[in-house]
Amino acid sequence: KAGVTQTPRYLIKTRGQQVTLSCSPISGHRSVSWYQQTPGQGLQFLFEYFSETQRNKGNFPGRFSGRQFSNSRSEMNVSTLELGDSALYLCASSSGTLNTEAFFGQGTRLTVV
Amino acid sequence: GIQVEQSPPDLILQEGANSTLRCNFSDSVNNLQWFHQNPWGQLINLFYIPSGTKQNGRLSATTVATERYSLLYISSSQTTDSGVYFCAAPTLSGNTPLVFGKGTRLSVIA
Chain A
1 KAGVTQTPRY LIKTRGQQVT LSCSPISGHR SVSWYQQTPG QGLQFLFEYF SETQRNKGNF
61 PGRFSGRQFS NSRSEMNVST LELGDSALYL CASSSGTLNT EAFFGQGTRL TVV
Chain B
1001 GIQVEQSPPD LILQEGANST LRCNFSDSVN NLQWFHQNPW GQLINLFYIP SGTKQNGRLS
1061 ATTVATERYS LLYISSSQTT DSGVYFCAAP TLSGNTPLVF GKGTRLSVIA
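Chains A and B, in that order, are what the protein sequence lines are. Residue numbering for the first sequence follows this note's numbering, starting at 1 and increasing by one per position. Residue numbering for the second sequence follows this note's numbering, starting at 1001 and increasing by one per position.
There may be inaccurate statements among the hints.
As the list claims (entries may be wrong) - Covered stretches of chain A, as calculated for chain B (at least 3 residues, CB under 8 Å):
| # | segment |
| --- | --- |
| 1 | 17-27 |
| 2 | 91-99 |
| 3 | 104-110 |
As the list claims (entries may be wrong) - Under 10 Å between C-beta atoms, here's a sample of chain A residues computed to sit facing chain B:
| # | residue |
| --- | --- |
| 4 | P8 |
| 5 | Q44 |
| 6 | F60 |
| 7 | F69 |
| 8 | R73 |
Claimed, not checked - One-sided excerpt, in silico: chain A residues whose CB lies under 7 Å from chain B:
| # | residue |
| --- | --- |
| 9 | Y10 |
| 10 | G40 |
| 11 | Q41 |
| 12 | L43 |
| 13 | L88 |
None of these hints come from the bench; they were simulated from the model. None of these values were measured; they are calculated from a predicted model. Ideal placement from N, C-alpha and C gives every residue a C-beta, glycine not left out.
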């Protein structure tokens, strides 16, 4: 059974650009959650998608957005990149029912210069 | 929402030593997970343990939900155990799938 796949693994972007990250969950899983990890703030929840709908949202500005497709793959987009957006972005896959185990992808390391 | 605190923040061990990592949470939990973050950044699942005790090789975990803490035990540590260990739990309302602690950075020296 394939795990959670995130692409790309590494990304370098310039301030002001936008970026799209992709996450393919474990087959059969319907929930995808996104997290940002920085040295200063640790791991913070961005948003969760379930059955193509945003189910929950963390405390991030509107420049951060996402979507989920009918095959449960999810993308997150960050517009007008800032230096502070440099981080490791992790996505988690779960079945989507409450209190089930989440599994993480390898992450996308974004550097904004 | 729930607050998750981990201790100690840093731990240095000689290879072969045992250790206990602690995770305290501020609210009742229906779900708690322990992860090991490898040097490449991936979070590796160690335990899904809302309550009780589980063992997997040299690692074991215990969650005492009524007292709001969980412990991760590492026995006979190896250099490959080095890395950052996180515990995480969801909010009771479910509006945040996982709230993470700040982690324990473990260094095992040969």
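So, going through the hints one by one against the coordinates:
1. Here's how the segment 17-27 of chain A fares: 0 of its residues keep a CB closer than 8 Å to some CB of chain B, so the rule of at least three is not met and the hint is violated.
2. Against chain B, the segment 91-99 of chain A contributes 4 residues with a C-beta closer than 8 Å to a partner C-beta. That satisfies the three-residue criterion, and the hint holds.
3. Look at the segment 104-110 of chain A against chain B: 5 of its residues bring a Cβ nearer than 8 Å to a Cβ of that chain, three or more, so the hint holds.
4. With a cut of 10 Å, the hint placing P8 (chain A) at the interface with chain B is violated, because the nearest CB-to-CB distance is about 13 Å.
5. With its C-beta approaching chain B no nearer than about 8 Å, Q44 (chain A) sits inside the 10 Å limit, and its interface hint holds.
6. For F60 (chain A), the interface hint is violated, since its Cβ never comes within 10 Å of a Cβ in chain B; the closest pair sits about 12 Å apart.
7. Checking F69 (chain A) against chain B: minimum C-beta separation of about 19 Å lies over 10 Å; hint violated.
8. Among the interface hints, the one on R73 (chain A) is violated; its C-beta lies about 18 Å from the nearest C-beta in chain B, farther than the 10 Å criterion.
9. The interface hint given for Y10 (chain A) is broken, as the beta carbon of that residue sits about 10 Å from the closest beta carbon of chain B, more than 7 Å.
10. Restraint check, G40 (chain A) versus chain B: the minimum CB separation of about 11 Å is more than 7 Å; hint violated.
11. Restraint check, Q41 (chain A) versus chain B: the minimum CB separation of about 10 Å is more than 7 Å; hint violated.
12. Interface hint at L43 (chain A): satisfied, since its Cβ lies 4 Å from the closest Cβ of chain B, which is below the 7 Å cut-off.
13. Proximity of L88 (chain A) to chain B holds as hinted, the smallest CB-CB distance being about 5 Å (cut-off 7 Å).
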